[in-house]
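From first to last, the protein sequence lines stand for chains A and B.
Mapping to the working numbering: the first sequence position 309 is 309, numbers consecutive.
Mapping to the working numbering: the second sequence position 270 is 270, numbers consecutive.
You can trust all of the hints, since none of them are fake.
One copy or two, either will do: identical chains are not told apart, so a pair holds if it fits within one copy or between any two.
With a straight-line Cα cutoff of 20 Å, these simulated DMTMM-like cross-link-like pairs (lysine to aspartate or glutamate) come out:
hint, residue 1, residue 2
1, Lys110, Asp139
2, Lys278, Glu201
3, Lys70, Asp26
4, Lys174, Asp128
5, Lys98, Glu2
Everything labelled a hint here was simulated from the structure, so no lab data went into it.
As the structure is a prediction and not an experimental result, all values here were calculated from the model.
Number of protein chains: 2
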Amino acid sequence: MEYKASDIKGIVAEILENKKAVGGVDSLYFVGCGGSLGALYPAKIFMDNESLTYRCGWINSNEFVHATPKKFGKNSILCVACHGGDTPETVAAAKLGKEMGAAVIVLTWKDGSPILEHGDYIVKYTFDPSVDHLGNKIDHGADKVMCALMVAVELLAQTEGYDHYAEFYDGASKISGIIENAREMVKERAEAFAEEYADDEFIYTMGSGASYCSAYMENICIFMEMQWINGGTIHSGEYFHGPFEVTDADVPFVLQIAEGSTRELDERVLSFLKRYAKRYEVLDAREFGLAQIDASVVDYFNHSLFNNVYSVYNSRLADRRQHPLSTRRYMWKVQY
Amino acid sequence: MEYKASDIKGIVAEILENKKAVGGVDSLYFVGCGGSLGALYPAKIFMDNESLTYRCGWINSNEFVHATPKKFGKNSILCVACHGGDTPETVAAAKLGKEMGAAVIVLTWKDGSPILEHGDYIVKYTFDPSVDHLGNKIDHGADKVMCALMVAVELLAQTEGYDHYAEFYDGASKISGIIENAREMVKERAEAFAEEYADDEFIYTMGSGASYCSAYMENICIFMEMQWINGGTIHSGEYFHGPFEVTDADVPFVLQIAEGSTRELDERVLSFLKRYAKRYEVLDAREFGLAQIDASVVDYFNHSLFNNVYSVYNSRLADRRQHPLSTRRYMWKVQY
Chain A
1 MEYKASDIKG
11 IVAEILENKK
21 AVGGVDSLYF
31 VGCGGSLGAL
41 YPAKIFMDNE
51 SLTYRCGWIN
61 SNEFVHATPK
71 KFGKNSILCV
81 ACHGGDTPET
91 VAAAKLGKEM
101 GAAVIVLTWK
111 DGSPILEHGD
121 YIVKYTFDPS
131 VDHLGNKIDH
141 GADKVMCALM
151 VAVELLAQTE
161 GYDHYAEFYD
171 GASKISGIIE
181 NAREMVKERA
191 EAFAEEYADD
201 EFIYTMGSGA
211 SYCSAYMENI
221 CIFMEMQWIN
231 GGTIHSGEYF
241 HGPFEVTDAD
251 VPFVLQIAEG
261 STRELDERVL
271 SFLKRYAKRY
281 EVLDAREFGL
291 AQIDASVVDY
301 FNHSLFNNVY
311 SVYNSRLADR
321 RQHPLSTRRY
331 MWKVQY
Chain B
1 MEYKASDIKG
11 IVAEILENKK
21 AVGGVDSLYF
31 VGCGGSLGAL
41 YPAKIFMDNE
51 SLTYRCGWIN
61 SNEFVHATPK
71 KFGKNSILCV
81 ACHGGDTPET
91 VAAAKLGKEM
101 GAAVIVLTWK
111 DGSPILEHGD
121 YIVKYTFDPS
131 VDHLGNKIDH
141 GADKVMCALM
151 VAVELLAQTE
161 GYDHYAEFYD
171 GASKISGIIE
181 NAREMVKERA
191 EAFAEEYADD
201 EFIYTMGSGA
211 SYCSAYMENI
221 CIFMEMQWIN
231 GGTIHSGEYF
241 HGPFEVTDAD
251 VPFVLQIAEG
261 STRELDERVL
271 SFLKRYAKRY
281 EVLDAREFGL
291 AQIDASVVDY
301 FNHSLFNNVY
311 SVYNSRLADR
321 RQHPLSTRRY
331 MWKVQY
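Please take these sequences and the hints and turn them into a complete structure.
Structure follows, in structure tokens:
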């Protein structure tokens, strides 16, 4: 049976009921590879920062299979993300989860994939396959990132309690509109970005807090994978402890400025870049209107916003560089 | 009062005794910035993988202060690392820890620093300030990385129990000798590395498992901070999910091959590099003799080994590039 985002509340309730027989649920593991791992990060940070009772892991699928935490087992929920459902390491992780008696929630998009047989609950998330998503009105409040967050929020709310449950779902109902608006806002600057950075050989991405991994995804999935542009992801708080020494007029940065508790970390980077760098692009969640979402939960919505704003930049960059986002030299082509 | 590595067992015992009055210890947070954060990573992975009962955080100091986990408080141990004892964000983190009632362990090297007043226990670790450490015989079994590991191992062993306690301390007694031997082994190849990569503008570092952050430290503290060479840290398991698309004959990689449970992830990268890359340097813990340490604990010793082998490479690279490791353009020079 297939589920969707709105079923997650019931899925978590059913897992909690079923797990009573073995002593309940005491841990939640988020597992995936690359962009699918990155998309689970806001949910990981949510659990780490909001929960008083649960252990929460966030682990690359192959590492999870080779170095499985001793804690993982029948009292765990395993939530894996696998877009096409056929990433071998993530299929192996889900299979291991079932064998070890965990409740396995699979977040996926494609139908009929190999991972489906290894999940107790298959949740199909929303996704817009067009390259820049402009003009397409899918509900981003039910995408992969949000589904993972809902697993975390529901687990917390249905057991130890979560004071900002209403604010969270209010945010989930608003995020799609905020994203669509922000994407319209950046259309022109995305053109300018593509023009400016078309010939760059590397670009850094930067972010903090629960939105660190939208910077990570832009770095590894878009720049490295889809554009073959080198780079690295720098945590805004770590920047001043090593990385900032490479800052110079010709070194390009894309900086996310989050709305919420770690905003000050990102703003500090911006003031440094204003003094010592010349080539940087800023994505500011406040400018994009993310403060419409309540301050108690806004941290966890930055990732979705940035991730979906990047796609406008990405399609322009790919066009300008005449390097389609679907171009690969190894993936789908060689064995590895 | 100042302590050293061999006092950590007693420190943890005292904390556990003192915390009985408030309900015991239920969480351990490792907090620091840059290289000091990286050095705490093996201890974080130890807790995540071995413990059944403790929550463990690993967080950049400024993020910790701005987005403090709800769980953190009087039932927590906060272990911060701060080499010079004057990193403002880490001083602030330790101060917050005391204010919130946590037991604060400060790992540091310098005397008389501002952080000392914010720690309940000041542990002075061993450190060799010479640039390549060759010929200097400090006990690496009592350095920053090992001190953090001991905090984790002792907390586990003295409460829920740890089956491989004896093997861990046997490893701690062997690591210094293994390191010294490995550093002698790489002297010539470090010269060759310096010659080959002297003019490169970026270099990737790669690793997995508990040793991921020795790759991170080499990337941010040495290449970026001390040599102004751009780059990024790639997790060996993540490499095949995006990053590998940049692989080409001219793209340089430094790959750590760990001894232990995630070795297969690193070896998989190596076989790919052998096919599609030409410029890569391999640090293989097995070749360096790390298998002398018992398989049950060896994962946690890779970081110390790699970190201390890198220093031989680093001094050669700095010499060859005529860019001393102490050169900075922003740190110690401008306000930020």
